[in-house]
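Novice: Chains A and B supply the protein sequences, listed in that same order.
Each residue of the first sequence is one higher than the one before, counting from 77 in this note's numbering.
Each residue of the second sequence is one higher than the one before, counting from 65 in this note's numbering.
Calculated directly from the structure, the hints in this document are not laboratory data.
All residues carry an ideal CB built from backbone N, CA and C; glycine is no exception.
Below 20 Å or equal to it, Euclidean Cα-Cα: the simulated PhoX-like pairs (lysine-lysine) are:
#1 A/Lys355 with A/Lys412
#2 A/Lys117 with B/Lys530
#3 B/Lys130 with A/Lys201
#4 B/Lys529 with A/Lys117
Selected chain B positions facing chain A (Cβ under 8 Å, derived; list incomplete):
#5 Gly132
#6 Val135
#7 Asp321
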Amino acid sequence: MENENNIDYREVGLIVGLEVHQQLLTERKMFCRCPAGLYTKEHDGIVLRHMRPTLSELGVFDGAALMEFKTKKQIIYLLHNTNTCTYEMDDTPPFLMNDQALDISIEQCLMLNMDIVDEVHVARKQYLDGSIPTGFQRTAIVGVNGSIPFKGRELGIIQVSIEEDSCREVSDKGHLIVWRTDRLGMPLVEIVTQPQLYTPQEVEEAILLIGRICRSSNHVRYGIGASRQDVNVSVRGGRRVEIKGVPRAEIAARLVHGEAIRQVNLLKLMEELHDRGLKTPEDVRARITHFDVTAEFKNSRLSFLTEKGWNRFVKTENRRPEFELGKGAFSVRAIKLGGLAGTLNWKTQPGKTFADELRGRIRVVCGLDQSPIILHNEDLNGYETARPRFKAIMEKQLACTEKDSLVIVWGPEDDTISACEEIYLRYIDAIDGIPNETRQAFEDGHTDFERILPGPDRMYPDTDSPPIRITRDRVERIKSALQPRPWTREKRYSEAGIQLDTIYYLIRRSWADIVDTVVEQAGADLKQAGVFFGEKLKGLSRKGVKVSSITKDRWLDLFLQFAKKPELAENWDSLVRSMVDSPDAPISKVVNEIMNSIDASNWKGFARKALAETEILATKKDSEVHLKLAMAKMMSIYRGLVFGREIESYIREKIAGGNSSEN
Amino acid sequence: MSENKKTEIKDKLKGYKGLARERLAAWGVGVWSDVRIVNDAGSVFEGVILPRSETYDDLHIVVKQKTGYNVGIHVDRVVEIVELGYKEAFYHMPEKDFPVNPALPNVTLLGTGGTIASRLDYRTGAVIPAFSPGELYSAVPELADICNLKTRMIFGVFSENMAMEQYITLSKAIVEEIEAGADGIVIGHGTDTMGHTAAILSFMVQNSPVPIVIVGSQRSSDRPSSDAALNLIHSVRTAAYGEIAEVQICMFGPTSDRFGLLHRGTRCRKMHSSYRNTFRTLGDIPLAMVSRDSFEYINKDFLPRDKTRKVKLCAAYDDHTTILYYYPGMKPDLVDALVEKGYRGIVIAGTGLGHVNRALFPALERAVKAGVHIVMTVQTLWGYTQMFVYDTGRDLLNLGIVQLDNMLPETALMKLSWVLGQTDDHEEVMRMMREPINHEITEREPHNGYIILQGGLPDTEEYIKKYWK
Numbered sequence: 077m078e079n080e081n082n083i084d085y086r087e088v089g090l091i092v093g094l095e096v097h098q099q100l101l102t103e104r105k106m107f108c109r110c111p112a113g114l115y116t117k118e119h120d121g122i123v124l125r126h127m128r129p130t131l132s133e134l135g136v137f138d139g140a141a142l143m144e145f146k147t148k149k150q151i152i153y154l155l156h157n158t159n160t161c162t163y164e165m166d167d168t169p170p171f172l173m174n175d176q177a178l179d180i181s182i183e184q185c186l187m188l189n190m191d192i193v194d195e196v197h198v199a200r201k202q203y204l205d206g207s208i209p210t211g212f213q214r215t216a217i218v219g220v221n222g223s224i225p226f227k228g229r230e231l232g233i234i235q236v237s238i239e240e241d242s243c244r245e246v247s248d249k250g251h252l253i254v255w256r257t258d259r260l261g262m263p264l265v266e267i268v269t270q271p272q273l274y275t276p277q278e279v280e281e282a283i284l285l286i287g288r289i290c291r292s293s294n295h296v297r298y299g300i301g302a303s304r305q306d307v308n309v310s311v312r313g314g315r316r317v318e319i320k321g322v323p324r325a326e327i328a329a330r331l332v333h334g335e336a337i338r339q340v341n342l343l344k345l346m347e348e349l350h351d352r353g354l355k356t357p358e359d360v361r362a363r364i365t366h367f368d369v370t371a372e373f374k375n376s377r378l379s380f381l382t383e384k385g386w387n388r389f390v391k392t393e394n395r396r397p398e399f400e401l402g403k404g405a406f407s408v409r410a411i412k413l414g415g416l417a418g419t420l421n422w423k424t425q426p427g428k429t430f431a432d433e434l435r436g437r438i439r440v441v442c443g444l445d446q447s448p449i450i451l452h453n454e455d456l457n458g459y460e461t462a463r464p465r466f467k468a469i470m471e472k473q474l475a476c477t478e479k480d481s482l483v484i485v486w487g488p489e490d491d492t493i494s495a496c497e498e499i500y501l502r503y504i505d506a507i508d509g510i511p512n513e514t515r516q517a518f519e520d521g522h523t524d525f526e527r528i529l530p531g532p533d534r535m536y537p538d539t540d541s542p543p544i545r546i547t548r549d550r551v552e553r554i555k556s557a558l559q560p561r562p563w564t565r566e567k568r569y570s571e572a573g574i575q576l577d578t579i580y581y582l583i584r585r586s587w588a589d590i591v592d593t594v595v596e597q598a599g600a601d602l603k604q605a606g607v608f609f610g611e612k613l614k615g616l617s618r619k620g621v622k623v624s625s626i627t628k629d630r631w632l633d634l635f636l637q638f639a640k641k642p643e644l645a646e647n648w649d650s651l652v653r654s655m656v657d658s659p660d661a662p663i664s665k666v667v668n669e670i671m672n673s674i675d676a677s678n679w680k681g682f683a684r685k686a687l688a689e690t691e692i693l694a695t696k697k698d699s700e701v702h703l704k705l706a707m708a709k710m711m712s713i714y715r716g717l718v719f720g721r722e723i724e725s726y727i728r729e730k731i732a733g734g735n736s737s738e739n
Numbered sequence: 065m066s067e068n069k070k071t072e073i074k075d076k077l078k079g080y081k082g083l084a085r086e087r088l089a090a091w092g093v094g095v096w097s098d099v100r101i102v103n104d105a106g107s108v109f110e111g112v113i114l115p116r117s118e119t120y121d122d123l124h125i126v127v128k129q130k131t132g133y134n135v136g137i138h139v140d141r142v143v144e145i146v147e148l149g150y151k152e153a154f155y156h157m158p159e160k161d162f163p164v165n166p167a168l169p170n171v172t173l174l175g176t177g178g179t180i181a182s183r184l185d186y187r188t189g190a191v192i193p194a195f196s197p198g199e200l201y202s203a204v205p206e207l208a209d210i211c212n213l214k215t216r217m218i219f220g221v222f223s224e225n226m227a228m229e230q231y232i233t234l235s236k237a238i239v240e241e242i243e244a245g246a247d248g249i250v251i252g253h254g255t256d257t258m259g260h261t262a263a264i265l266s267f268m269v270q271n272s273p274v275p276i277v278i279v280g281s282q283r284s285s286d287r288p289s290s291d292a293a294l295n296l297i298h299s300v301r302t303a304a305y306g307e308i309a310e311v312q313i314c315m316f317g318p319t320s321d322r323f324g325l326l327h328r329g330t331r332c333r334k335m336h337s338s339y340r341n342t343f344r345t346l347g348d349i350p351l352a353m354v355s356r357d358s359f360e361y362i363n364k365d366f367l368p369r370d371k372t373r374k375v376k377l378c379a380a381y382d383d384h385t386t387i388l389y390y391y392p393g394m395k396p397d398l399v400d401a402l403v404e405k406g407y408r409g410i411v412i413a414g415t416g417l418g419h420v421n422r423a424l425f426p427a428l429e430r431a432v433k434a435g436v437h438i439v440m441t442v443q444t445l446w447g448y449t450q451m452f453v454y455d456t457g458r459d460l461l462n463l464g465i466v467q468l469d470n471m472l473p474e475t476a477l478m479k480l481s482w483v484l485g486q487t488d489d490h491e492e493v494m495r496m497m498r499e500p501i502n503h504e505i506t507e508r509e510p511h512n513g514y515i516i517l518q519g520g521l522p523d524t525e526e527y528i529k530k531y532w533k
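So here's chain A without its partners, still in its complex pose (with noise of 0.2 Å):
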């Protein structure tokens, strides 16, 4: 049992590749002029929209935007007027995009070795799930056919687009989804690696890796969601399986290792489901049979089986008709699965079983979102109530065998009948194998149903958009202000004894830019300025010091007179904090004012007197002791002034017993 979630990558052939989305910094939004970044809690306008599928440029309609019109949603922006306008409403057109954008979109494309293309259309790839008010988002390939070294080989990309955000989700239940349009129409990029990943750990790596190079250019968003990840997973003879918005990348191991079983798993039932002679969806749709069941669980103790607990439920959720309840009277619905007895329980993700599969399909298409979402007689723990009704319909009214399974489904009976119909497609699927889907990702490492994978059908150009000419000028440009790929500062950081973890941290807080800054124009050691920005400074962010307001040519200032006056360096704390607290002021005046309060040249003098003072305190006569609280009570006052090891050796000498008086 213990190894039956350990597979071997290799001869299972599992096969990754990477969907990197990255925010990039920009003052405004990628098609209006709203500030991006400004995130918010509440609102002061609301929005109610739906969306229809429509015809893609080569005249098909794409599975994905269907199976989303189906799913009939009441979709609710919830807008604020400091971040947004009517264009998120989708009641302006675009404006131009954002040249800064693009600029930057252009040199992500640079730092990933890719070949800008020469003209950038704009296309519209659709979304129905209303994460988009458009229905659409706006998208454009920027760079193709780049590579990155990984691992001593190369690592493909394949294309980079610059694309705008999409909302964020407030909530979703029943037929309503809520979405906040703070994010909405930030620009991004998205980057295509070639499936050539191998192992979750090397998805781990390349997801960490590609960020340092996104980050490198420091013309990047982080923090929470600047950065998500699609990974798109397959073993051999399964299909590609997207798992949307990974937020980070140790996470992505867990869910590829767990995505690689669910599919090796899901291949076996497929084979099962052949052998006992389902191969096409009529041999599907033979077997699966539904009948109203409510009147069966009239009086049952599962009370969400009643009217009376459903409408207690409808009450207590405060779900709407008009909004989050479907349309009918309450029902509850038996499906009959002839000869599939065992599928349900059929183990699918660690810890998961085809029911899942079905729940998932049943949550997001159909709306019934009642926990546990179905109830099946293959799996009755918890319900145990309700086995003597699940064998009496089986027995008596149905005639099941024992190759025969049951599912109930409750609510609203368009609901329990669009549940029918996803339950036969998606066994329709498992004759095939493995759906192409887009599954959410969890924190635990589990993925669930989101939708089906959309294709190329959705996509279709966007008629508000001139297309834009890339002139190799601008690339030249652009590539002549790149910063150094992080492996080149991996290695030159390193050879100077600045600690890997350190090295990435300075990269991905774009602070390693100011490291070289400094090395280069103000003569700073490469290690001690690694360790200056990667650790004491991390400490004293840490400590809520706001040491990223602190521009560039600041920092390049402060270094400067560290280089005229090395001991200035020990005072680096208090400088530091009167920095952020006079973002205006020069920084010869912030060191004068910490500084030049003291007359530091009798410090010898006030060094004996320190000693007197704290020789009572320093009880049994220990020196070091007696050395600390004079060390303390001197640096209080001369720190940056004197070099603390040059006092130091003062007062050793005079515990030592030296009683020079000169000075």
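Using the hints, position chain B against chain A.
Specialist: Using the frame of chain A, we list chain B on its own:
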């Protein structure tokens, strides 16, 4: 329309010009060729060559890649191009026969073009009117639950290209359909000049026994979030079951997908260049709210549906008319020029209560003497002309200029064109202009006929926070 399609196919290099055209010809590939292109950086592009807009440059070819993304490739960077096949795309919806149910009312949908019926145009890269109303049914199958729909494409023009010829054709078609027994008429129309069409039809087609509903969309029907489908559903329901036998505009009430408003054809105006709820009734309240399953008649004063009533057609029009939108410092020669060029009617959109600069007076006097009919409306859009208050107004009246109270300037233009299509007698012209046919002049303005909430005020903010936009 089908002719357009044929010519599209004929040009293998559609939209390409200059260098790009030469190169494509030399490579022996064209539009819809499925190709594999390698550029000087060794990048490979596989996909279909798309037609290019004629307004774009002559340096790039556009390829739709297998991923669905389009890219433009500079012809000078192409090192290798191989044709793998030919994949012409037809942007086409099956034109399904509309189901017939004898129990349901019969509605005729007249197509005129505009964004409610649109598709992508590769020549310009823009959305052009080309969906036949029949195709609309494939996109909005809900229509079959509402009525039996007959569709008729009258013409396909952009809303801004509607003019005299189209107004006359359209009014005749409406009357034909009503006389043929339609229970209601829906007209698909671009939104830009929908107000003008609604006004002129109010005059040309009078005494209708059934609703005449004009509908369009602010987001084209090639978008998932389009208002086209819901507008169409609302308008077809109004035509089939609505109680108001007038020319009315049916468009979104709020920008949310909640309900439509029915606006009287003579009192309605497009008030925002892109919002869904751009249409507003001015100086009065709308006729009704319409949703997927209800009507709420908020204005009780309307002509009710009555199948026994005989429709009257008066398809008169003279387009030697204009609106003179007054501004400070307008020069009199502008008026002289209009007279010289043969204009017979001028609607002035005057300032305030209906005023123009005194410097214009001699020119206006010359115009009136030359037989030009001049009427006064207000550019404030809301409120009445009141030319007895100030000397300027009184003097204008003395010149023979007639005030039109609270008639909207565009409605006045449409009406003047219609009247001048029937008579040149000044007295008669002015009598007809001042005698309302359908509320283009109202005797009183209700206090809720003018409500423009001022954003930012605490009370307004409190209200819009709760109210669905």
